[in-house]
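Q: Given next are the chains, with one letter for each unit.
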Amino acid sequence: SQKIEQNSEALNIQEGKTATLTCNYTNYSPAYLQWYRQDPGRGPVFLLLIRENEKEKRKERLKVTFDTTLKQSLFHITASQPADSATYLCAPANAGNMLTFGGGTRLMVKP
Amino acid sequence: EAGVVQSPRYKIIEKKQPVAFWCNPISGHNTLYWYRQNLGQGPELLIRYENEEAVDDSQLPKDRFSAERLKGVDSTLKIQPAELGDSAVYLCASSLGSGKVDEQFFGPGTRLTVL
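Just so you know, the protein sequences line up as chains S and X, in that order. Residue numbering for the first sequence follows this note's numbering, starting at 17 and increasing by one per position. Residue numbering for the second sequence follows this note's numbering, starting at 3 and increasing by one per position.
Please note that a few of the clues may not be correct.
To be verified - Once the Cα atoms are required to be at most 25 angstroms apart in a straight line, the calculated SDA-like pairs of lysine to any residue come out as:
1. S/Lys19 - S/Leu123
2. S/Lys33 - S/Leu64
3. X/Lys102 - S/Ala47
4. S/Lys19 - X/Gln43
5. S/Lys79 - X/Val57
6. S/Lys75 - X/Lys13
7. S/Lys73 - X/Leu98
8. S/Lys19 - S/Ile66
9. X/Lys18 - X/Lys102
10. X/Lys102 - S/Arg53
11. X/Lys13 - S/Lys87
12. S/Lys87 - S/Ser17
Claimed, not checked - Per the computed footprint, the stretches of chain X lying under chain S, defined by three or more beta-carbons under 8 angstroms from a beta-carbon of chain S, are:
13. 72 to 80
14. 90 to 97
It is worth saying that the hints were derived from the structure and are not from the lab. These figures come from a predicted structure and were not determined experimentally. C-beta atoms are modelled at their ideal positions from N, C-alpha and C, and glycine is treated no differently.
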């Protein structure tokens, strides 16, 4: 069955550093992959979408890579800020917009 | 523009009682999703609608869960009877639809506690 793995342990980093979150998937060949941010008590909010034929996507301080050989996506936040503290969800998807969410990684950025 | 609206935000019931959740998607969004999110986990799809048609309900426990989307706009998810293991956050999301590669917009969710 499909398996989406994100580091379940919280990632603690210092303000100003680059945060890197990992998403690995198995038994799956997604056509694209989305990343969402979720704050406590709220629904997920869309951040970035990257397609299987794209190696990298950027949006302001965010960067996503997609390696279909390694079956892995990396999500980077540069110049991190305490306001970036949240849970980040990886969601590979097939062409029908059917997302399969990973368990999320909690990011804590300390001032 | 209003986002996805869900009600109630919180619900506490005793096991074996029925419960219903309501969702109003973003205007013009044809696709509507219901997800369940357990504590510390990612959302898990229960059912997806394209307009008023349920196109994927393979993960919906049909013995106790039901959903409808009359007129292809609002949707209701019902559990009858509720079990202890149904305690979770129930999220509704919508997207433009027609199977397009598209971001999903989530509501705030309904937190259900079954005692």
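Q: If a hint holds in the structure, say so; if it doesn't, say that too.
A: Checked hints:
no.	hint	verdict
1	S/Lys19 - S/Leu123	holds, 22 angstroms
2	S/Lys33 - S/Leu64	holds, 20 angstroms
3	X/Lys102 - S/Ala47	holds, 12 angstroms
4	S/Lys19 - X/Gln43	holds, 13 angstroms
5	S/Lys79 - X/Val57	violated, 33 angstroms
6	S/Lys75 - X/Lys13	violated, 38 angstroms
7	S/Lys73 - X/Leu98	holds, 22 angstroms
8	S/Lys19 - S/Ile66	holds, 19 angstroms
9	X/Lys18 - X/Lys102	violated, 39 angstroms
10	X/Lys102 - S/Arg53	holds, 21 angstroms
11	X/Lys13 - S/Lys87	violated, 39 angstroms
12	S/Lys87 - S/Ser17	holds, 15 angstroms
13	72 to 80	violated (count 0)
14	90 to 97	holds (count 3)
In this structure, the earlier hints numbered 5, 6, 9, 11, 13 are contradicted, and the remaining ones agree with it.
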